[in-house]
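Enquirer: One letter stands for each residue in the lines below.
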Amino acid sequence: MNATLEQIKQEILSGAEEIKSSKEAYEFRKKFLDGKSGKIGLLMREMKNIPPEQRADYGKGVNELKEWAMGIISELDAKMKAKELQERYEAEKIDISLPAQRSEQGNLHPITLIRNQLIDIFAGMGFEIFEGTEIETDYYNFTALNTPQDHPARDMQDTFYLSPEFLLRTQTSAGQIHVMENKKPPIKILSPGKVFRSDDDATHSPMFTQMEGLVVDKGITLCDLQGMLDVFVKKIYGENTKTRLRPSYFPFTEPSVEVDCSCFECGGKGCKLCKGTGWIEILGAGVVNNKVLENCGIDPNEYSGFAFGIGIERTAMLKYGINNIKLLFESDLRVLKQLND
Amino acid sequence: MITPLSWLKEYVDIDVTPQELQDKLFSCGFEVEELYEVGKDISKVVVGEVLTCDAIPETHLHVCQVDCGEHGQFQICCGADNVAAGGKFPVALVGATVYATAKDHKTVEGVMTIGKGKLRGYESHGMLCSGVELGVSENMYPGAGYNGLLVLPEDAQVGADVKPMLGLDDWIFDIAITANRPDCQSILGIAREVAAVLEKELKMPDLSYTEVEAEIDGFTVTVDCPDLCPRYSAHYVTDVTIGESPLWMKRRLALVGIDAISNVVDITNYILKELGQPMHAFDLSTLEGNAIKVRRAENGEKITTLDEQELTLTDANMVICDGVKPVALAGVMGGLNSEIRETTSAVLFESAKFARDNIRRTSRALGKRSDSSARYEKGVDEYSTVMALERALHLIEELGCGKVGRTHADVNTGNSVQPREVKVSITKVNNCLGIVVPNEEIMRIMTNLALYPSIDGDILTISVPAYREDIVTYQDVAEEVIRMYGYEHVVPAFMPAAQVTIGGLNLEQKSELRLKNALCSIGAYEGIHYSFFSPSDLDLLRLPEDAPERKAIRIMNPISEELSLMRTTLAASMINAVVRNQKKGNMEGRIFEIGNVFLPYELPLTRYPDEKARLCVGIFGEKESFYTMKGIAEKVAETLQVSFTYEAMQNTFLHPYQTARVLCEGKEVGYFGKLAYDIADECDLRIPVYLMELDLKVLSAWYGKKPVFTPLPKFPEEQRDLALVVSKEITCGEIEAVMKDACKYITKISLFDIYEGEQVAADKKSMAFTVVFTPKDEAFTTESVDAFVKKILKQLNKNCGAELRS
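So the sequences go chain by chain: F and Z.
First residue of the first sequence: 1, per the numbering used here; consecutive thereafter.
First residue of the second sequence: 1001, per the numbering used here; consecutive thereafter.
Some hints here could point you the wrong way.
What the hints assert, rightly or not - Each computed BS3-like pair below joins lysine-lysine, with the alpha-carbon atoms no more than 27 Å apart:
#	chain 1	residue 1	chain 2	residue 2
1	Z	K1040	F	K269
2	Z	K1163	F	K235
3	F	K291	Z	K1612
4	Z	K1583	F	K326
5	Z	K1009	F	K337
6	F	K183	Z	K1706
7	Z	K1040	F	K272
8	F	K337	Z	K1635
9	Z	K1044	Z	K1024
10	Z	K1116	Z	K1009
11	Z	K1583	F	K337
12	F	K272	Z	K1744
13	F	K194	Z	K1612
14	Z	K1510	F	K184
15	Z	K1705	F	K183
16	Z	K1510	F	K194
17	Z	K1705	F	K184
18	Z	K1705	F	K337
19	F	K291	Z	K1009
20	F	K269	Z	K1024
21	F	K194	Z	K1551
22	F	K234	F	K269
23	Z	K1378	F	K291
24	Z	K1040	F	K234
25	F	K326	Z	K1706
26	F	K242	F	K183
27	F	K218	Z	K1635
28	Z	K1630	F	K184
Said to hold, decoys possible - Simulated restraints on C-beta separations:
#	chain 1	residue 1	chain 2	residue 2	range
29	F	K326	Z	I1261	38 to 48 Å
30	F	V231	Z	E1665	23 to 33 Å
31	F	G297	Z	T1314	53 to 63 Å
32	F	A202	Z	R1444	15 to 25 Å
33	Z	G1757	F	S21	29 to 39 Å
34	F	A202	Z	M1204	43 to 53 Å
35	F	A202	Z	E1561	44 to 54 Å
36	F	E27	Z	Y1657	24 to 34 Å
37	F	G270	Z	P1492	40 to 50 Å
38	Z	A1176	F	K326	52 to 62 Å
Read the hints as simulated data drawn from the structure, not as lab findings.
Beta carbons: idealized from backbone N, C-alpha and C, even for Gly.
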């Protein structure tokens, strides 16, 4: 009996040295410890054939062997697994300095970026967004805006005509009239869109983008225009930016102003960007001309308003330092990829 | 508006610096676009007296000793033929700046700095200057045009700066005039504003003259088209002696860029600048029939203008005729037949108001511009028309070049040239501005503007001169007040009286923004292209003659043929964008654009066209395929919360077998596919390109709705994998359609494997799908799902010949 146990013990000891993998360790475990077929398992099954008086000793001997074998084989198994894990890692050694693989993130066009920023600012002040049509009639683009056929202000803009009546809008102000015809005050709208003028050089493109704002309500004054512009300019160009109004002329506003903001490059000291003046022209604005209100059926004795128009390309070019407006319409990925804001 | 400071000073005492005046003008609405000293490029040039002048042998040069007073005495070499001892000339000292001239001694080639030099062994410490080298013309200073040294007067003080005596210390203001202030298109107009802003008196030009007993017998003026010519004034001048104008007039004209011609012509040009009124002078001896007649031209009528060009006119043009023939193209240019010549002895002056629009159209249609037409295009007032004629007669006397006769005509439509009374409510003025301007300030401002104000209670009464056609309402008065009071008085407010509005993007606008962001997230960059394109783009797309895209709206006056049609598709601009990128070495990329197409209902337009937003996506690169583009389509659908189906289609610019029509709820919304190879070759595109165009206006019927929550299914979903063997022609879409048709519980079908090869027959393929069944009212049992599968397989077998793969 003891000889049998000793023989199995020796068999395990010598066999263990041959084990090279966790799979072999598993087979090895089965060979000795499987309840049905393992060598130690079979010894356990022999128990019933052992005379009762010897059973205690037999059982103790077999159990000791089993405990011992489990310890040896588990240790062996753990060692094999550790070895194999290490080998697996080794096999997967890589050059971490190789280039990254990444999915590209595109970005919005700079005009859309500026447009979204402006929409965010004005939406917070209660402005709705209204997008008019690019093709307009002479009436909505000029006549209703107090610019009748013979008006000198028509010379200010070189208009693309599609027929004697239809044209490409030269200003988003055309949308004002549609809104005022269809909506009673209070009106607060922001009207972004493409506009067209027959102009073509480094700072002028035949198509560009404007954002028109219009407020019509009771008691609106020039002071409200100044107040709103102050907020807008601080939000887009920074807390310390100042605004300056100076007289100008648009047929649809009276008084009309040109709005300058303190140069965001030099803070007003004078630099190349502001041509040494300390100020940068950013938009045109004014109190809505009563004739325009009347043209839309709004009583100027009851209501008043202000309007402003911002050139988006100019804002984008100033903000990102883009030197040629054409770059904005060429979809050159080398340009677009740079302008992620 | 080019305005010399010296000329302004004729009418206003200006006691501020040019820079201060610039700021003042700026603050009251007149932006000085450029301010410069006439002699800005000239420095350190003084009066020198040549003490000795010795010829350098075998050259045309002289070596001179020149006394420059306080600056010292210098040896200077000089090549001019009029250098002589005892003469006084401008000396550019060492370090001076003057104009460099070409070999002809006339053409200015830039500015140079004078250094010490050595000519033929003689040292030269400076340069004796010609008029050209100092930028002074004959009209600015007599003798300055001579091709040699500019001779200074004998009494010039040696060593003194030459700039004041040559008029080079004058300043030029180039002032931007807004379209509402045509009255400021003149030196006097600017002077009025300067007087107002400096609170100085305005000195009016002298209009006095004395008539002599001379008349044109039976002279008549008739105006046949008073709508185009509301006022026509004429006056007779006799005993005319044509000659040169005096220096002061020639100099002023030179400063504003006009060449002196002869006294009578110079007077008309002088008045154009001084008062902003175009004038014309006819040689009276050439006028037949003792009459002037203003009328529309006849169609086909011809006139030869004084630049010797023959023009053919239409009835849209206006002509001035004598009793027989046209003698001037009204407002644009005089006729050659009646121009002032050296022999002219009697003159008829014309001062008229012509309709600005008529002159503008005539000038553009005939391609003929003049200072006169440019001025008329901006609008001339009748006040100046009347005044200008008087001023011309005064100048005739002042210059002593003729005698003012008695014959005078003034045909008008009854428009008053007297001031208008305008009454406005001060409260309304203040309410418009949002501040209270003190009454005394309003009075002061209105007085300075020569509006002769008075205030009675709330009513401000002003007397508006006829040249201020822009002042009519209280808003106009508010503008006058605030531009003079100062915009710095405006106090920022935030619509205290206004009602609260909600604002923000609507759902459709939000969806479009989300769509743009989603496309960015898959590596696409947003592009924006022109709304117009080229007829050749339609050819590039191989569109047949009757294709709807060819029915594009044409711009009547395009910048070029390339930008002459309104887009009917975004595809061409996208192809061009990809071409530009590949040319610049960008060999892969994704670009998208959301832009409008313009589809007319009829041409020419009689109503607004269908203007609708489309999404166009262009992708290119070796990694791109039909299926990556299909993935982008799916991304779009997912973002807009719609679902797309696809069917094979063909169009003229895409691959015949790699193009899909995109449908949303059975309605066509666009297409995508691979760019046709012949087009790619034509554009020299080396990398494959895929295009997609979706109609967002059609799609917007489904998207932009408020999100609605769908409760999660109560019962668990079941999933089965089905491997089918089908003939190679059968498409995935056909199988999916049959499956969906066979069982209403299918919520998702996804293909996970396709196999062609040894294990299936040569004309067959194996396709493996995962099918998801979602229960509705009760849970599925194994048997119920088995039954679905059985039915599906039966239908697949019937419709597609599909067998379950064993």
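Enquirer: Run every hint past the structure and note whether it holds.
Expert: Results for each hint:
For the proposed pair K1040(Z) and K269(F), the alpha carbon gap of about 25 Å is at most 27 Å, so the pair holds. At most 27 Å may separate the alpha-carbon atoms for a hinted pair to count; K1163(Z) and K235(F) exceed this at roughly 51 Å. At most 27 Å may separate the alpha-carbon atoms for a hinted pair to count; K291(F) and K1612(Z) exceed this at roughly 32 Å. Proposed proximity of K1583(Z) and K326(F) is supported: the alpha carbons are some 17 Å apart, at most 27 Å.
Proposed proximity of K1009(Z) and K337(F) is contradicted: the alpha carbons are some 57 Å apart, above 27 Å. Only pairs whose Cα atoms come within 27 Å are accepted, and K183(F) paired with K1706(Z) is accepted, the gap being roughly 24 Å. The suggested pairing of K1040(Z) with K272(F) holds, with an alpha-carbon distance near 21 Å, which does not exceed 27 Å. Straight-line distance between C-alpha atoms of K337(F) and K1635(Z) comes to about 22 Å, which keeps the hinted pair within the 27 Å bound.
Distance check on the hinted pair: K1044(Z) and K1024(Z) sit about 31 Å apart at the alpha-carbon level, beyond 27 Å; violated. Restraint check for K1116(Z) and K1009(Z): not satisfied, since their Cα atoms lie roughly 40 Å apart, outside the 27 Å limit. Proposed proximity of K1583(Z) and K337(F) is supported: the alpha carbons are some 17 Å apart, at most 27 Å. Distance hint between K272(F) and K1744(Z) is unfulfilled; the C-alpha atoms sit about 70 Å from each other, more than 27 Å.
Among the hinted pairs, K194(F) with K1612(Z) is consistent with the structure: their alpha-carbon atoms are about 14 Å apart, no more than 27 Å. Between K1510(Z) and K184(F), the direct Cα distance comes to roughly 25 Å. Compliance with the 27 Å bound is thereby established for this hinted pair. Using a Cα cut-off of 27 Å, the hinted pair K1705(Z) and K183(F) holds, with the two alpha carbons roughly 23 Å apart. Simply put, K1510(Z) and K194(F) have alpha-carbon atoms about 19 Å apart, close enough for the 27 Å limit, and the pair holds.
This hinted pair checks out: K1705(Z) and K184(F) have alpha carbons roughly 26 Å apart, not beyond 27 Å. A distance of roughly 33 Å separates the Cα atoms of K1705(Z) and K337(F); the hinted pair therefore is violated under the 27 Å criterion. The hinted pair formed by K291(F) and K1009(Z) fails the criterion: a straight-line CA distance of about 39 Å is larger than 27 Å. The straight-line distance between the Cα atoms of K269(F) and K1024(Z) is roughly 20 Å, inside the 27 Å bound, and the hint therefore holds.
Distance check on the hinted pair: K194(F) and K1551(Z) sit about 22 Å apart at the alpha-carbon level, within 27 Å; holds. About 18 Å separates the Cα atoms of K234(F) and K269(F), which keeps this hinted pair within 27 Å; it holds. At roughly 22 Å between alpha-carbon atoms, K1378(Z) and K291(F) fall within 27 Å of each other, so this suggested pair holds. Of the pairs offered as hints, the one joining K1040(Z) and K234(F) is violated, with about 40 Å between alpha carbons and a cut-off of 27 Å exceeded.
With a C-alpha separation of about 39 Å, the suggested pair K326(F) and K1706(Z) falls outside the 27 Å cut-off, and the hint is violated. In summary, the hint linking K242(F) to K183(F) is not supported, as the alpha carbons are separated by about 34 Å, beyond the 27 Å threshold. Of the supplied pair hints, the one linking K218(F) and K1635(Z) is violated, its CA atoms being roughly 47 Å apart against a limit of 27 Å. Of the supplied pair hints, the one linking K1630(Z) and K184(F) is violated, its CA atoms being roughly 46 Å apart against a limit of 27 Å.
At roughly 44 Å, the beta-carbon separation of K326(F) and I1261(Z) lies within the given 38 to 48 Å, and the hint holds. Range check, V231(F) to E1665(Z): about 45 Å between beta-carbon atoms, so the 23 to 33 Å window is missed. Hint check: G297(F) to T1314(Z), Cβ distance near 40 Å, so the stated range 53 to 63 Å is violated. The hint said 15 to 25 Å for the Cβ distance between A202(F) and R1444(Z), and at roughly 45 Å that hint is violated.
Between G1757(Z) and S21(F) the beta carbon distance is about 35 Å. The supplied range of 29 to 39 Å therefore holds. Restraint check, A202(F) to M1204(Z): a C-beta distance of roughly 45 Å satisfies the suggested window 43 to 53 Å. One distance hint, 44 to 54 Å for the beta-carbon pair A202(F) and E1561(Z), is violated here, with the actual separation near 22 Å. The hint said 24 to 34 Å for the Cβ distance between E27(F) and Y1657(Z), and at roughly 57 Å that hint is violated.
The supplied range of 40 to 50 Å is broken by G270(F) and P1492(Z), whose beta-carbon atoms lie about 25 Å from each other. Checked against the given bound of 52 to 62 Å, the beta carbons of A1176(Z) and K326(F), roughly 26 Å apart, lie outside it.
Of the numbered hints stated above, those contradicted by the structure are hints 2, 3, 5, 9, 10, 12, 18, 19, 24, 25, 26, 27, 28, 30, 31, 32, 35, 36, 37 and 38, listed in ascending order.
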